[in-house]
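Given chain U, put chain X in place with the hints provided.
Quick note, the sequences are listed as chains U and X, same order. If you read the first sequence in the numbering used here, its first letter stands for residue 543, the second for the next number, and so on. If you read the second sequence in the numbering used here, its first letter stands for residue 929, the second for the next number, and so on.
Calculated directly from the structure, the hints in this document are not laboratory data. Hints may be right or wrong, so weigh each one.
[As the list claims (entries may be wrong)] These stretches of chain X come out as covered by chain U in the derived footprint (C-beta under 8 Å, 3 or more residues):
id, segment
1, 1162-1175
2, 1185-1195
3, 1212-1225
Glycine included, each C-beta is placed from N, C-alpha and C at the ideal position.
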Amino acid sequence: MPFFHTVGWKQKSHGFESVFPAEIGKGRKMIKYILRRILYMLLVLFIVTTITFFLMHCIPGDPLTALVQKLPEQTKINYYAKYGLDKPVIEQYLVFLKGIFTEGTLGESIRFPGRQVLDTIQRYAGFSSEIGLVAVLIGFVVGIILGTVSAIKQNRLPDKIISIIAILGISLPVFLLASLFQYLFTVKWPLFPTLGWGTPAHKILPILCMSFSPLATYTRYMRSSVLDVINQDYITMAEAKGMSFSQVVRRHVLRNSILPSLTILGPNIADVFTGSFVIESIFAIPGLGSYYITAVNDRDFPMIIGCAMFYTGIYILSLLLVDILYVIIDPRIRLTGDSN
Amino acid sequence: MEYSEELFTIIGCDEAQGEKIGRPQTTYWKDAWRRLRQNKVAIFAMIILILIIFLSLFGSSICGYDHTKMSMDMNQTPSLKHWFGTDKLGRDLFARVFAGGRISLMIGILGALITTVFGSVYGSISAFVGGTVDAVMMRIVEIVSSIPYLIVVIMLSLMLNDSGVGSILLALCIVGWCQTARLVRGQVLQLVNSDYVIAARTLGVSNWKIITRHMIPNTMSVIIVNLTFRIPSYIFSEAFLSFVGLGISSPNTSWGMLASAGKETMLFYPYQMFFPALMIALTMLSFTLFGDGLRDALDPKLRR
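Isolated chain X, as found in the complex:
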């Protein structure tokens, strides 16, 4: 078949279409999510975390027992009726473990959030303002971080003697923010002197815009990764304190407390220690692995 000229028509070039970007745009977060999705370990850890959080929220309604209700079925081994068994007062351990999880997770997440937000604001102000303010603020950090944290926590948790969530949270937060403040200050200092921020300044961009456009997006990844690594350390601190009897106490419950109660009967009913211990270890493990993955996804420079 011959191709003759009249078979073709010139449709012209649309000026507006010429500059159009054919593919969907990727933002920083979409890109990070794409990278995170490829990391199987991190995704697996994330699923476990979501599962633990879900069970902590709805645990007692799933198994149908109240975590404070006592019964005559004391010290029963795990069975279909009581999935994790019962404790020495006949309370269902499944309900108790996840009721404890609610408090442990709450302390972990809230504690990490509060200290990270405070530390970030403190660190950024220090770096952004600079000069004497920076020097004074950093000296304060230095002094606060020279205080051994357990000493303060033990003193405070005894002083605020109400054995609730609030006092232990306060005790953990008072000394916990220094590390984040240092980290964020370092990051912001680096940014303030970076070429594109200097370029923005010379172009006359306002401080506010520099902060919202350059500072916050560029420090966000560091802060978020820091947050994920802080959560397990707070869960650990709470468990640790409750385990030695300085943290949460009855009628509240937490993983540390359950482990501590389980330890007393460990020789006869090892499962009473096993389940809370498993939950602590699993949560800390998942947060660590998820944090590793998140760091690699958010900051490809750090990928190993």
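Excised from the complex, chain U in its bound form:
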């Protein structure tokens, strides 16, 4: 209700006249909305952290099991006391919360003494994002283009070829694709290095593999929404006005049909971070994903919690970003606080 909203705002601000009252009213609403969403995010983060913490302590074994096996009884007790693992779980949880709120620290790795959890995440997440974000970006851009082309050339040859690519991208699991690429491009035709990290050439194959499935998803989404938009009256209108075809596509079709693709961009960015560990393990990239698996296998409690919090944070943040992007692109969307 932009009209009523504007009126209410004017009354409250004692006759202050703005040049663009509706715009400002929207800005205020936007800020309120974002603040509410951030509060929400913190709540979710807290819940996930709590669940992870208690789940973690349900896993049989703890970080010291392997270490203390052959040590004398007293040393064992001392070790457990040092990391506070001898206390009840509830108490450990409170200590953990205290650490976050008073010192802003997530603690130190137990398996690798001296490594701060935050530093580790910072370092390894960089590697993951270097390939992950590029992959999503490529997937998004290429997917949007392919989807639009496919819809414009509906039922003709380009459409059929693109549809086959899209279907393949959806039904080929990423780990199979990665194995296939690795076999083809490093063994059959040695164009790229097989494993490892360092030179730009190391990044090409992982990025290709990771961008394939988002590419297919965006293509499919884009195709169906462009087909929807293309039959609308305002497109016919624009064409009747004498706009060139490329102008119609750029100004009207793209902007109106990109929304469904944007919806899945948020979860997709997050999936790249969480799902990257398969790619990381296949190509031996020192990313956070493989580190998380190692931490879980080692029962390295502080690391597990740290990674889980990081992933959740990224996930919620990307959902929020997409919601904001949404409003910018489509002014018709109302901000009711209901994020569905």
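The following block gives chain X in isolation, referenced to the frame of chain U:
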């Protein structure tokens, strides 16, 4: 020849016959089936799916080998004796692939069924009751769906450390129902406010009858299509987890596990990776294509 009046007799008009419908009646489902049958791609996908399911059920009795029995014929390439070859322990790969298929398909179908049923019930209650209940239930969905699913699945599959079907199924179901709940809630909300439901209400039709007569038939298509699209995603999740060693483990087997085992020997015996990978891709492809066809058949409005 002349037509005289006495050649004709008046047989009269039967009152009961007058209102009879001459052609067989089409129900919604018959109509959908008719539309589906015209879609060649979807029917082809359906035949492949039936074939894969059949082979998964009876695979080892068809080829005559037990999928756990080892022999001295190790790492043999596909031949008449072993159709898909054998693995490094001399086990017949054909039997293994379809024994794995049984578990992969079971996880896919069961997982999709459980989450769809739970999500549908949850979503419909939320939309039907409305008000505060709706708000609270949707907030819960929002929180659960903000949890990155792999984090939970990895934690749970380690926690329920029995490497069986049950634990991985539980892990996948706990986070999987939110999407369906949202979808069904949206659909039911639309229905509750639709004219014919309001008309039924004003005529004094009971809640129960509205649910069975209007709600369920009209949401069924959405739910079924959703189900077909969920199955491949669960098969994928299972394969993915087993591939990194977090899902099914010995003595059970699944496509993901076979692919993972095949990857180790990929350079020397590529067929050991090829067959399970082919099965995963084929199944996911068929379910996607079949789902596309089913959506077009059940909901002509969405047809593209």
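Practice task
Return the numbers of the hints above that this structure violates; sort them in rising order.
Solution key: none
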